[in-house]
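Chemist: What follows is the residue order along each chain.
Number of protein chains: 2
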Amino acid sequence: MSILVVGSVAFDSVETPFGKEDNILGGSATYFSTSASFFTDVQLVAVVGEDFPQEHVDFLGSRNIDLRGLSRVSGKTFHWKGKYGYDLNEAQTLETHLNVFADFKPRIPEEYSSADYLFLANIDPELQMEVLNQVTTPRIVACDTMNFWISSKRNALEKVLERVDIFIINEGEARQLSGEANLVKAARKILAMGAKTLIIKRGEYGVLMFSGSSIFAAPAYPLEEVFDPTGAGDTFAGGFMGYLANTGDASEKGIRQAIIFGSVMASFNVEDFSLNRLKRLNYKEIEERYRELKSMTHFIGIP
Amino acid sequence: MSILVVGSVAFDSVETPFGKEDNILGGSATYFSTSASFFTDVQLVAVVGEDFPQEHVDFLGSRNIDLRGLSRVSGKTFHWKGKYGYDLNEAQTLETHLNVFADFKPRIPEEYSSADYLFLANIDPELQMEVLNQVTTPRIVACDTMNFWISSKRNALEKVLERVDIFIINEGEARQLSGEANLVKAARKILAMGAKTLIIKRGEYGVLMFSGSSIFAAPAYPLEEVFDPTGAGDTFAGGFMGYLANTGDASEKGIRQAIIFGSVMASFNVEDFSLNRLKRLNYKEIEERYRELKSMTHFIGIP
Numbered sequence: 002m003s004i005l006v007v008g009s010v011a012f013d014s015v016e017t018p019f020g021k022e023d024n025i026l027g028g029s030a031t032y033f034s035t036s037a038s039f040f041t042d043v044q045l046v047a048v049v050g051e052d053f054p055q056e057h058v059d060f061l062g063s064r065n066i067d068l069r070g071l072s073r074v075s076g077k078t079f080h081w082k083g084k085y086g087y088d089l090n091e092a093q094t095l096e097t098h099l100n101v102f103a104d105f106k107p108r109i110p111e112e113y114s115s116a117d118y119l120f121l122a123n124i125d126p127e128l129q130m131e132v133l134n135q136v137t138t139p140r141i142v143a144c145d146t147m148n149f150w151i152s153s154k155r156n157a158l159e160k161v162l163e164r165v166d167i168f169i170i171n172e173g174e175a176r177q178l179s180g181e182a183n184l185v186k187a188a189r190k191i192l193a194m195g196a197k198t199l200i201i202k203r204g205e206y207g208v209l210m211f212s213g214s215s216i217f218a219a220p221a222y223p224l225e226e227v228f229d230p231t232g233a234g235d236t237f238a239g240g241f242m243g244y245l246a247n248t249g250d251a252s253e254k255g256i257r258q259a260i261i262f263g264s265v266m267a268s269f270n271v272e273d274f275s276l277n278r279l280k281r282l283n284y285k286e287i288e289e290r291y292r293e294l295k296s297m298t299h300f301i302g303i304p
Numbered sequence: 002m003s004i005l006v007v008g009s010v011a012f013d014s015v016e017t018p019f020g021k022e023d024n025i026l027g028g029s030a031t032y033f034s035t036s037a038s039f040f041t042d043v044q045l046v047a048v049v050g051e052d053f054p055q056e057h058v059d060f061l062g063s064r065n066i067d068l069r070g071l072s073r074v075s076g077k078t079f080h081w082k083g084k085y086g087y088d089l090n091e092a093q094t095l096e097t098h099l100n101v102f103a104d105f106k107p108r109i110p111e112e113y114s115s116a117d118y119l120f121l122a123n124i125d126p127e128l129q130m131e132v133l134n135q136v137t138t139p140r141i142v143a144c145d146t147m148n149f150w151i152s153s154k155r156n157a158l159e160k161v162l163e164r165v166d167i168f169i170i171n172e173g174e175a176r177q178l179s180g181e182a183n184l185v186k187a188a189r190k191i192l193a194m195g196a197k198t199l200i201i202k203r204g205e206y207g208v209l210m211f212s213g214s215s216i217f218a219a220p221a222y223p224l225e226e227v228f229d230p231t232g233a234g235d236t237f238a239g240g241f242m243g244y245l246a247n248t249g250d251a252s253e254k255g256i257r258q259a260i261i262f263g264s265v266m267a268s269f270n271v272e273d274f275s276l277n278r279l280k281r282l283n284y285k286e287i288e289e290r291y292r293e294l295k296s297m298t299h300f301i302g303i304p
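Chains as they are written, first to last, in this note's numbering: chain R, 2 to 304; chain Y, 2 to 304.
You can take every hint at face value.
These stretches of chain Y come out as covered by chain R in the derived footprint (C-beta under 8 Å, 3 or more residues): (1) 173 to 185; (2) 200 to 213; (3) 221 to 231; (4) 251 to 259; (5) 292 to 298.
Please keep in mind that the hints were generated in silico from the structure rather than gathered at the bench.
The C-beta atom is built at its ideal place from N, Cα and C for all residues, glycine as well.
Using the sequences and the hints given, assemble the complete structure.
Modeler: Written out as structure tokens, the structure is:
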């Protein structure tokens, strides 16, 4: 089954302790859809400016991503500039130029409106709601958000959460949204807002999933070379949703497997700038790393 | 088989966002031996002052800990005073009064010198070496250290590491000792110093174990109430070594299980000040939490 993603397609300028790249391909919807495309068909809704090169469009097309929802308007493409220190868990935003993204009104093409899987990437929760209103009967809706929306548009965000199945945020956002320092307490408060499943991303420490009374703890794949963490969260979400859509299995068992595939995808993505690593990735490598994570986490139970 | 531990028995004064306690029982050897005593016999070598109350000695005795190596000398007992913020991963040391610990020269009682398992808690590496020289043929030696010794006595520490089987430190110490921000690189450099197995503690994020080319990632048990993290690392080490000594199985499989038992013990310990939670803990609860960690980390492999 196919996934619809609504988010940003952008240029990033990124500096890490290991290098510096300007105006490289980025954006939440870009990372998400490329990652998901390893597992299933993806339909993308986003906006770019006149400066967005055909080369990037061609790349997304080569991943079989349906681009009928990618509109090109006059003006410049969204541009994010950020920097990471040796603690690669947190980016420092240097500049944000919304450009054409400032007036983004996601219009879901008729052909997309019956999507079974929907991912609302990190955009204004009011826009997330507009998308929800245009997609008729999604089977699974997942969404992301960020500190900026939690503080500036909490009410709109809470309304979105009432209609979401899976909420995917990072540790700091979970603490901010709940007002709880303890993650177990934070998770309980957030689940009460609506989503059935909460996935908390903890960067190099992995992921915690809360669902009903169940908790799943997945480590991140331990990497020797982390080059650029940009897009890791969206790449995780893409692998996660992609696998769910591929199997149609949203049971606890299926969600746990999807989390591991998401973690694997994120682990590849951070090995290079932009989507460079995903561009040269194949499915065999994905499966191999999944198996490695399985063996890295295995221990014998007791009777 | 029994374990010999050499470390501190101390008074702690601890402040956390949830409360404040003065002059409570603490010390690395105290936490370690109490935790290990749930699994095996423990022999303790440490020093206390005249102010150390019989009540604490009686408690340790009630855990069947062999106290022939606990010497009482004139002067005051080691006293540590520290504080934690909402980020419970790191303590801020407010005061350290070494007192009788300043002149501590560990003398291993004749009856202890053939110990099979030896844990060198966080003390001056020169003293750790003196202990090593007094224990004839230990099967497994594990040790801990801290930032202070890494910067002030690196050579002595490196000599100790050449004779150690299992090195248990926290994330920050691993980075400091190796000069590498990346933990996988850090682990490789540290393993080259001698220990066959390196266990890196990451507080609420769990543990990474490196051994040869194998990596094991274990999450911490997600707790809703973390009251006081003091002693978590030593309680982990006690559960870990205790289980190893109990089974005699130091294979990769046995070490992984021991890490989970260590994590379980640490998760109980942080639920209350001092050793209060361990004092009212029973083995059934330990096994139950082990099973919970097993189910929290389980996911289906792929063919």
